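> If you want the building blocks of each chain, they are given just below.
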Amino acid sequence: MKSLLHFLVLIPCLICGCCCLAQEQIEREFKVNTSIIPESALLAIRKFDLKENKINWYREESNNGHSFEAKFKFNKKYHSIEFDTLGQLEDIEIMIPENKMDPVLIDAITAFIESETDQFDFKKFQIQYSGEQASIINHVKENNNQEATLPGIKVRYEVVVKTKKDGQFHLYEYTFGSKGNYIGKIRKSIRNTDNLDH
Amino acid sequence: MKRTLGIILLLVGLAFYSFGQNEYSAGIMPEINLNKKWSEKWRTNFKVESRFSFSEGTFDSTQNHHFSYLLSDISAVGSYKIGLNTKLAFGYLLRMTTSGVAHRAILQYSIVKSLRKGRLGNRIATDQTFQNGSAPQFRLRYRLSFDIPLQGLQVDAHEFYFKLSNAYFGIYSNRIFDLEARLVPSLGFAFNDTNKLELGLDYRLKEIFNAQRHEFWTTVSWFYSF
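As they're listed, the protein sequences go chains A and B.
So for the first sequence, the working numbering puts the first residue at 644; every next one is plus one.
So for the second sequence, the working numbering puts the first residue at 6; every next one is plus one.
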């Protein structure tokens, strides 16, 4: 009887507790079927001549609205193409391994980050293209070296960096221009790891 | 297809045959994890966990099915951040069983790495358990855990995720060394980043070098950070 009482007290506490404390702003992405993707976005992606099952479509929701994103691997690199709700291309992001980045660009980025941190570690490099849809898609399809040479295409680099400054650890996403010129940075939230630590 | 089914049935049959006289126990293990952040670097994990047995015995003969309370653990583990996702922690656990009370000192190092999809956690820990009338027990444990969202590339609010953890224990007590292995697949739901509920199956293979005992626990774990 005592054991049943223990059980009956602990389980409801556990379930009620987590439900009552679950109020917060929601920002999430979830996989969606192509049936809800605007036709113009589907047409743009078809230019990459990929099998449909190689493309993952996501709907990204936040307090500011929503967008659609196609994620796939092309030329051995992860591509992410974002469209607005009408199917207009917003940008293309391509993940690049550190050793495939232009060394001159890396030096410029390193010099800048070094100047404002005590210690840092690169976590991710992405090249971001925005501008006229047809030009960007042709450029990305044909130019595997990610050299930004075509007019009408804006090129930026997003660099995720783990930093240490005055004993504090942070994760930042820096944005640099095509020549490695600093544009801005945002501090990324570090996700809670309690369920993997304990 | 038939061949694959045949192989699976053969393996399951072999597993049960090999378990034979081995002892087993099965039950439920609810757990509440409260995590208090004191500063950017210091946190404390308060945990309450209980175990209730539903069934025990040997695989091929005696089997007792009854509901009974086994034990409760209460612990407090303080952690210090030594990297972005790296922590050094130490703490104390009080185990209350029907036959007495045990005290456990814990020291652990954990590191979590973000992957393109999901996260990988490594934990190395050591603990020492002391109980009146029993020899002290020393354990060295390693756990590899992995969580992966069922939607998107990371676990967002109001999303389900799958978690798998695999742990190995080296145990030394009373001049006897033994091993233990655990495998815990769980389905989790994130109400938000700081509030998660997990439902899992915890399989434990105990006393690998000796009698070999199998434990099957249904786990219900709540993680809340504040």
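Rather than coming from a laboratory, the hints here were simulated on the basis of the structure.
The reader is advised that the hints may include incorrect statements.
With a Cα cut of at most 27 Å, we get these calculated BS3-like pairs of lysine-lysine [what the hints assert, rightly or not]: (1) K807/A x K41/B; (2) K828/A x K211/B; (3) K122/B x K805/A; (4) K674/A x K694/A; (5) K808/A x K86/B; (6) K720/A x K118/B; (7) K807/A x K42/B; (8) K122/B x K831/A; (9) K118/B x K828/A; (10) K694/A x K716/A; (11) K805/A x K42/B; (12) K767/A x K41/B; (13) K766/A x K42/B; (14) K86/B x K828/A; (15) K808/A x K211/B; (16) K831/A x K118/B; (17) K805/A x K46/B; (18) K719/A x K118/B; (19) K807/A x K118/B; (20) K211/B x K831/A; (21) K122/B x K674/A; (22) K118/B x K714/A; (23) K86/B x K694/A.
Ranges between beta-carbon positions, derived for each pair [to be verified]: (24) T728/A x F51/B: 15 to 25 Å; (25) H163/B x D734/A: 42 to 52 Å; (26) H163/B x E816/A: 35 to 45 Å; (27) K808/A x F95/B: 18 to 28 Å.
None of these values were measured; they are calculated from a predicted model.
Glycine residues also receive a C-beta, built at the ideal position from the N, C-alpha and C atoms.
> Holds or violated: K122/B with K674/A, Cα cutoff 27 Å?
Holds, because 13 Å separates the two Cα atoms, which is no more than 27 Å.
> H163/B and D734/A, beta-carbon distance inside 42 to 52 Å?
Given about 27 Å between the Cβ atoms, the range is violated.
> Please verify whether K808/A and K86/B have alpha carbons no more than 27 Å apart.
Within the cut-off at roughly 14 Å; holds.
> Just to be careful, I want the Cα atoms of K828/A and K211/B compared with a cutoff of 27 Å; is the pair within it?
Roughly 50 Å separates the two Cα atoms, so the pair is violated.
> Within 18 to 28 Å or not, the Cβ separation of K808/A and F95/B?
27 Å, holds
> Hey, K122/B versus K805/A, does the alpha-carbon distance stay inside 27 Å?
Holds - the C-alpha atoms of K805/A and K122/B are around 18 Å apart, at most 27 Å.
> Just to be careful, I want the Cα atoms of K805/A and K42/B compared with a cutoff of 27 Å; is the pair within it?
21 Å, holds
> Would the hint linking K118/B and K714/A be met if the CA-CA limit is 27 Å?
22 Å, holds
> How does the Cβ-Cβ distance of T728/A and F51/B compare with 15 to 25 Å: does it lie in that range?
Roughly 45 Å apart at Cβ, these two residues miss the hinted range, so it is violated.
> Under the criterion that the straight-line Cα-Cα distance not exceed 27 Å, is the pair K808/A, K211/B satisfied?
45 Å, violated
> Hey, K86/B versus K694/A, does the alpha-carbon distance stay inside 27 Å?
With a Cα-Cα distance of about 45 Å, the restraint between K86/B and K694/A is violated, given a limit of 27 Å.
> For a C-alpha distance cap of 27 Å, please report whether K805/A and K46/B respect it.
Measuring from Cα to Cα gives roughly 16 Å; hence the hint holds.
Consistency note: the structure conflicts with the earlier hints numbered 2, 12, 15, 20, 23, 24, 25, 26.
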